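K.L.:
Spelled out from the first residue to the last, the chains are:
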Amino acid sequence: MQINKLTAHQLKDLISKKEISAEEAITAVYNRIEETDKDICAYVSLTKEKAFLKAKAVDKKIKNGEPVGNLAGIPIAIKDNMCIKDDKTTCSSKILENFVAPYNATVIEKLQAADAIFIGKTNMDEFAMGSSTENSSVKTTKNPCDLTRVPGGSSGGSAAAVAGDEAILAIGSDTGGSIRQPAACCGVVGMKPTYGRVSRYGLVAFASSLDQIGPLTKDVTDSALLLNEISGYDKKDSTSINVSVPDYTDCLTKGVKGLKIGIPREYFIEGMNPEVKSAVEKAIKLLEGLGAKTREVSLPHTEYAIAVYYLIATAEASANLARYDGVKYGYRTPGDVSLLDMYKKTRGEGFGAEVKRRIMLGTYVLSSGYYDAYYLKAQKVRTKIVEDFNNVFNQVDVIITPTAPTTAFKIGEKMADPLQMYLSDIFTISVNLAGIPAISIPCGLTGEGLPVGLQILAPPLQEERILTTAYSYEQNTKK
Amino acid sequence: MGTTLKDINYIMKLARLELNELEKEKDTPDLNHILFYLNKAGELNGKDVKSEETEEIKGGEMGITEKEVDYIAELARLQLNKIERDQYTNDLNQILSYVDKLNELNTNGIDPTTHVVELTNILRKDREEPSSVQGKILNNAPEIENGCFKVKKIIE
Numbered sequence: 001m002q003i004n005k006l007t008a009h010q011l012k013d014l015i016s017k018k019e020i021s022a023e024e025a026i027t028a029v030y031n032r033i034e035e036t037d038k039d040i041c042a043y044v045s046l047t048k049e050k051a052f053l054k055a056k057a058v059d060k061k062i063k064n065g066e067p068v069g070n071l072a073g074i075p076i077a078i079k080d081n082m083c084i085k086d087d088k089t090t091c092s093s094k095i096l097e098n099f100v101a102p103y104n105a106t107v108i109e110k111l112q113a114a115d116a117i118f119i120g121k122t123n124m125d126e127f128a129m130g131s132s133t134e135n136s137s138v139k140t141t142k143n144p145c146d147l148t149r150v151p152g153g154s155s156g157g158s159a160a161a162v163a164g165d166e167a168i169l170a171i172g173s174d175t176g177g178s179i180r181q182p183a184a185c186c187g188v189v190g191m192k193p194t195y196g197r198v199s200r201y202g203l204v205a206f207a208s209s210l211d212q213i214g215p216l217t218k219d220v221t222d223s224a225l226l227l228n229e230i231s232g233y234d235k236k237d238s239t240s241i242n243v244s245v246p247d248y249t250d251c252l253t254k255g256v257k258g259l260k261i262g263i264p265r266e267y268f269i270e271g272m273n274p275e276v277k278s279a280v281e282k283a284i285k286l287l288e289g290l291g292a293k294t295r296e297v298s299l300p301h302t303e304y305a306i307a308v309y310y311l312i313a314t315a316e317a318s319a320n321l322a323r324y325d326g327v328k329y330g331y332r333t334p335g336d337v338s339l340l341d342m343y344k345k346t347r348g349e350g351f352g353a354e355v356k357r358r359i360m361l362g363t364y365v366l367s368s369g370y371y372d373a374y375y376l377k378a379q380k381v382r383t384k385i386v387e388d389f390n391n392v393f394n395q396v397d398v399i400i401t402p403t404a405p406t407t408a409f410k411i412g413e414k415m416a417d418p419l420q421m422y423l424s425d426i427f428t429i430s431v432n433l434a435g436i437p438a439i440s441i442p443c444g445l446t447g448e449g450l451p452v453g454l455q456i457l458a459p460p461l462q463e464e465r466i467l468t469t470a471y472s473y474e475q476n477t478k479k
Numbered sequence: 001m002g003t004t005l006k007d008i009n010y011i012m013k014l015a016r017l018e019l020n021e022l023e024k025e026k027d028t029p030d031l032n033h034i035l036f037y038l039n040k041a042g043e044l045n046g047k048d049v050k051s052e053e054t055e056e057i058k059g060g061e062m063g064i065t066e067k068e069v070d071y072i073a074e075l076a077r078l079q080l081n082k083i084e085r086d087q088y089t090n091d092l093n094q095i096l097s098y099v100d101k102l103n104e105l106n107t108n109g110i111d112p113t114t115h116v117v118e119l120t121n122i123l124r125k126d127r128e129e130p131s132s133v134q135g136k137i138l139n140n141a142p143e144i145e146n147g148c149f150k151v152k153k154i155i156e
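Taken in sequence, the protein lines are chains A and B. Read in this note's numbering, the first sequence has 309 at position 309, and its numbers run on one by one without any break. Read in this note's numbering, the second sequence has 41 at position 41, and its numbers run on one by one without any break.
No wet-lab data here; the hints were simulated from the structure. Fair warning: there could be bad hints in the mix.
Pairwise CB distance ranges, derived in the manner of DEER restraints [claimed, not checked]:
#, chain 1, residue 1, chain 2, residue 2, range
1, A, ASP13, B, LYS136, 36 to 42 Å
2, A, GLY449, B, PRO130, 42 to 48 Å
3, B, PRO130, A, ASP13, 39 to 45 Å
4, A, SER45, B, LYS150, 25 to 31 Å
5, B, LYS150, A, PHE52, 37 to 43 Å
6, A, GLY258, B, GLU25, 54 to 60 Å
7, A, SER278, B, ASN9, 45 to 51 Å
No farther apart than 25 Å at their CA atoms in a straight line, the calculated lysine-lysine pairs in the BS3-like style are these [unchecked claim]:
#, chain 1, residue 1, chain 2, residue 2
8, B, LYS24, A, LYS414
9, A, LYS94, B, LYS150
10, A, LYS94, A, LYS63
11, A, LYS414, A, LYS94
12, B, LYS24, A, LYS88
Heads up, incomplete: computed chain B residues facing chain A, CB under 8 Å, no partners named [said to hold, decoys possible]:
#, residue
13, ILE11
14, ILE110
15, LEU123
16, CYS148
17, ILE155
As the structure is a prediction and not an experimental result, all values here were calculated from the model. Every residue gets a Cβ at the ideal spot worked out from N, C-alpha and C, and that includes glycine.
Just chain B, with the same shape it has in the complex (with noise of 0.2 Å):
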C-alpha cells in the first residue's frame, strides 16, 4: 500500500485542496495505481531492479509516514506566508538529504532535461509603458476596494 488516507490529507493540505470523504476514497487507489506505474521511471539510473527495491520504493520509504503527515498538519495549521517559506527551507534539506542517499544508488549521472530549448534571461529596457488594462483586471476580482483585491483579514 503506497498512499493511505492520511497521506492524502497531507497532499490536501500541501495543496490547498478540500476532497470531500467520496473524493478521498476514490483518489487514494488512483494515485497508488498511478504511482505504482510511475515507479516504472526508478528502474533506470543504471539501478538493478530488485523486487525489494521496489517494494521499498512502492510501500516503505517512499510512503508518507504518520509522523511527517502530523508535522506538516501542524505547520499547515499555522500562517500560510510564513509557513510555506520555512517549509520551503525545510524542503530543500531534506531533498539535499535524499539526494545524497540516492546518489549511493544513481551512478550513471544522467543530467536531467528542465527544458528542451535552451533558455538564457532577456531582460526588457527598464522605462515607462503605458498599462490600460488595470480596471480589466480588477473587474475579474471576485472583491475589490480602492483599486486593490480585497480578501479577508489576514493578520488579527
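So here's chain A without its partners, still in its complex pose (with noise of 0.2 Å):
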C-alpha cells in the first residue's frame, strides 16, 4: 500500500484502526516530497521537524486511547499566504521573503485542534496574484500531469501537492478562482466556500470582500471532512458569519433525485475547447440519468464579471498591499536614502511586476476622478452580477457550469499577455463577486489525458447541496 496516495478519510480509518501511524503517514509524504518534489516544486518550505513531533504526539494519544481531533494524523499542506506561528509566511513574494508569522491563523489553530499535520508550505502566485502559479517569485509550480503546463493558480502549490500525492489534504484560498481552476487543471476537488464561512483571520489579505479559505482534496469525501474542521465563526474575523456548521458529511448520500440543475447559456462560449464542453455536457447527461432536473438559465451579466473583479480587486488589493513599506516587516531597500524614498524602492524592488502592474491599476481607479468612473461602476454592476445569481437560485437548486474555458496551459504561454491570463478565471470570478459558494471536481480527461473541471454553484451557505451533488456524480463516474 502506498500511504500517501489514500484519501484522508482512508488514511483516517486505518490510523483508527491503529494499522498505519501517524507518523508512518507523514514519513510516506516527506518521502514523496523527496522523490518528486524536485520536479514538481508545489512547496516553498518545509515543517519536517514540527510535523515529526506533532506525529509522535498523536500517536501517544492514539495508543493511550486518548481522544483525537478529527483529522489525527493526517499530513496537510498548506497555501504559503497563511500563518503558522514561527513558520515562515511569504505569499512568494520577495516582500515577504523573511516574515515569521508571529501567529498562528484561525484555520491554523482549527486544524491543530484537529491534530492535522502540517508538513509544509506551498508555492503560489505573489500575493495570490495569478491563474498560474508562474508569478510567484520563488519558482514555477509544474502541474503533476504534465511538467510541461502549469498547475493553474493561484493555489497552484497546493492543487499540485495534492494531485502528486505530496499530500494528502491541502487548504488554498480563492478571491477570482484561486482554488478551483488550480483543482480542475490539476484533476482535483477544489471548494471555495461561502464568504464568511471559513475566518479569513491571518490569511494575507489581497481582496478582502472576495478572499476566503478553502480545501483542495482528493476526493469530495475528503472535501466534506475538511470543510467540516475550518468552517465556523470567529470573532477575529468581522466577517465571519454566526450560523452553525452542519456535519458536511451527512449529505453525501443523499442523492440527486429531483435536484434541479441550472445550465446558464452565458458558460458556453464561443472559443472555449470543445473537449471542456463536452465533458461538462456528458456529467450533465450523467446527472440526468440519476434523476436531476435539468433547465437552461440565464446570468446575463455574466461578461461583465472580470471587468468588475479587475477593478474591485485591484482596488482592495492596492489598499491591503500598502502596509508593506519596509517599516513593520519584511524586505527593505538596502543604502541611505529618505523614507519617502525608502518606501518607493522598497517596494519597486520587493513587489514582482504583476503586483506591481495590479497596484497601479487600483490606485488608477482608486484615484480622485476615476473612482466614480470604474470602482464606484464596477460595485454596481456587482449588484447585477449577484441579483443574477438571486434570480436564478429562484428557479432551480444548484448551477453546473466548466470551471475553465481550457485544460492547464503551457509554462510561459499567457506570460506576455496579462488579459489572457485573466481570462482564465472567466468561469469562476462571478462566484466571489456574489459570495456564493462553489467546487470544483474533475469530470474526465481530454484526448491528450489533461482533466476537465465540473463546476457546481449554490445559494449562500447552501455548500451542502454542492457536495451532495458534487458526491453523486463522483460515486457514478468511479471506474
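Please assemble the complex out of the two chains, which come individually in their own frames, going by the hints.
P.N.:
Following this line, the structure appears as C-alpha cells:
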C-alpha cells in the first residue's frame, strides 16, 4: 500500500484502527516529496521537525486511548499566505521572504485542534495574484499531470501537492477562482465556501471582500471532512458568519433525484475548448440519468464579471498591500535614503511585475476622478451579478458550469499577455463577486490526458447541495 | 490612447512604486489593454453605448491630463502623511463633482455592492488582555530600537 496515495478518509480509518501510525503517514508523504518535488516544485518550505514532533504526540495519544481530533495524523499542506506561528509566511513574494508569523491563522488553530499535521507551505502566485503560479518569486510549480504545463493558480502549489500525492489534504485561498481553477487544471477537488463561512483571520489579505479559504482534496468526501474542521464563526474576523456548521459528510449520500440544476447559457462560450464543453455536457447527462432535472438558465451579466473583478480586486489590493513599506516587516531596500525614497524603492524592488501592475491599476481606479467611473461603477455592476444569481436560484437548486474554458496551459504561454491570463478565470470570478459557494471536481480527461473541471454552484451557505451533487457524480463515475 | 507614460509616472507616485524604464514601457500598453476591457463595465447603468462616448471614456475625459500629473507630482514632493490627508480631501471633492456629472448618465440607481454579507460593527469588551507577541512582531522589522520600529528621520 502506498500511504501517500490514500485519501484522508481512508487514512483516517486506518490510523484509528492503528494499522498505520501518524509517523508512518508523514514519512510516506515526505518520501514522496523528496522523490518528486524537485520536478513538481509544489512546496516553498517544509516543516519536517515540527511535523514529526506532532505525529509522535498524536501516535502517543492514540496508543494511550486518549481522544484525538477528527483529522488525527493526516498530513496537510498549507498555502503560503496563511500564518503558522513561528514559520515563514512569504506569499511567494520577495517583500515577505523573511517574514515569520507571530501568531496562527484561525484555520491553523482549528486544524491543529483537529490533530492534522502540517507538512509545509505551498507555492502560489505572489500575493495570490495570478492563474498559473508563474508569478511566484520563488519558483514555478509544474502540473503533475504534465510537467510542461502550469498547475493553474493561484493555489497551484496546494493543487499540485494533492495531485502529485505529496500531501493528503491541502488548504488554498480563492479570490477569483484560485482554488477551483488549479483544482480543475490538476484533476483534484477544490471548494470555495460561502464568503464568511471560513475565518480569514491570519490569511494575508489580497481583496478582502472576495478572499475565502477552502479545501483542495483528492475526493468529495475529503472536501466535506476538511470543510467540517475549518468552517465556523470567528470573533477575530468580523466578516465571518455566525451560523452553525452542519456535518458536511451527512449530506453526501442524499442523491440528486429531483434536484433542479441550472445550466447558464453564458458559460458555454465561443472559443472554449470543445473537449471541455463535451466533458461537461456528458457530466450533465449523467446527473440527468440519476434523476436530476436540468434546465437552461441565464446569468446575463456574466460577460462583465472579469471587468468588475479587476476593478474591485485591484482596488482592494492596492489598499491591502499598502502595509508593505519596509518598516514593520519584510524587505527594506539597502542604502541610506530618505523615508519616502525608502518606501518607493522597497516596494519597487520587493514586489513582482504582476503585483506592481495590479497596485498601479487599483491605485488608478481608486484615484481622484476615476473612482466613480471605474470603482463605483464596478460595484454597481457587482450588484447586477448578485441579482442574476438570486434570480436563477429562485428557479433551480444548483448551477453547473465548466470551471475553466480550457485545460492547463503551457508554462509561459500566457505570461506575455495579462488579459489572456485574466480570462482563465472567466467562469470562476462571478462566484466570488456574489459570495456564493462553488466546487470544482474532475470530470474526465481530454484526448491529451489533461483533466477537465466541473463547477457546481449553490446559494449562500448551501454547501451541502454542492457536496451532494458532487458526490453523486463522483460515485457514479468511479472505475 | 488611454494611459500615457506621464500617467504611469503619476500612478507610480500615488502607489509609491518605482518602476524602471522597461517596466514603465511594458505597463503602459498593459494598462491600456486592461482599461479598454474594463470600459465594458461602463456599458451598463442604463447608458446607451455610443461609440464616441466609449471613445471619450478611453481617451478624453478619463485620460490623466498633464495638469493633473504636474499637480499631483507637486503634491507628492511634500511630506507624505500631510499630503495624503490633503489629497484625500481633494480627491473627495473631485469625486463628488464627478458623481454629479455621472448622475446625468446614470439613471438606473443601482446600489453598489461593497460586501456580500451584511456588516455590522462588532465591539469587544474594553478590558486588558495579555499580549505576548510584541517581541515576535518586532523581530520581523528591518530595524528596531528600544521596542520601536526604526526609520529614517522624518522631520528635519
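K.L.:
Of all the hints numbered above, which does this structure not satisfy? Sort the numbers upward.
P.N.:
2, 10, 12, 15, 16 and 17
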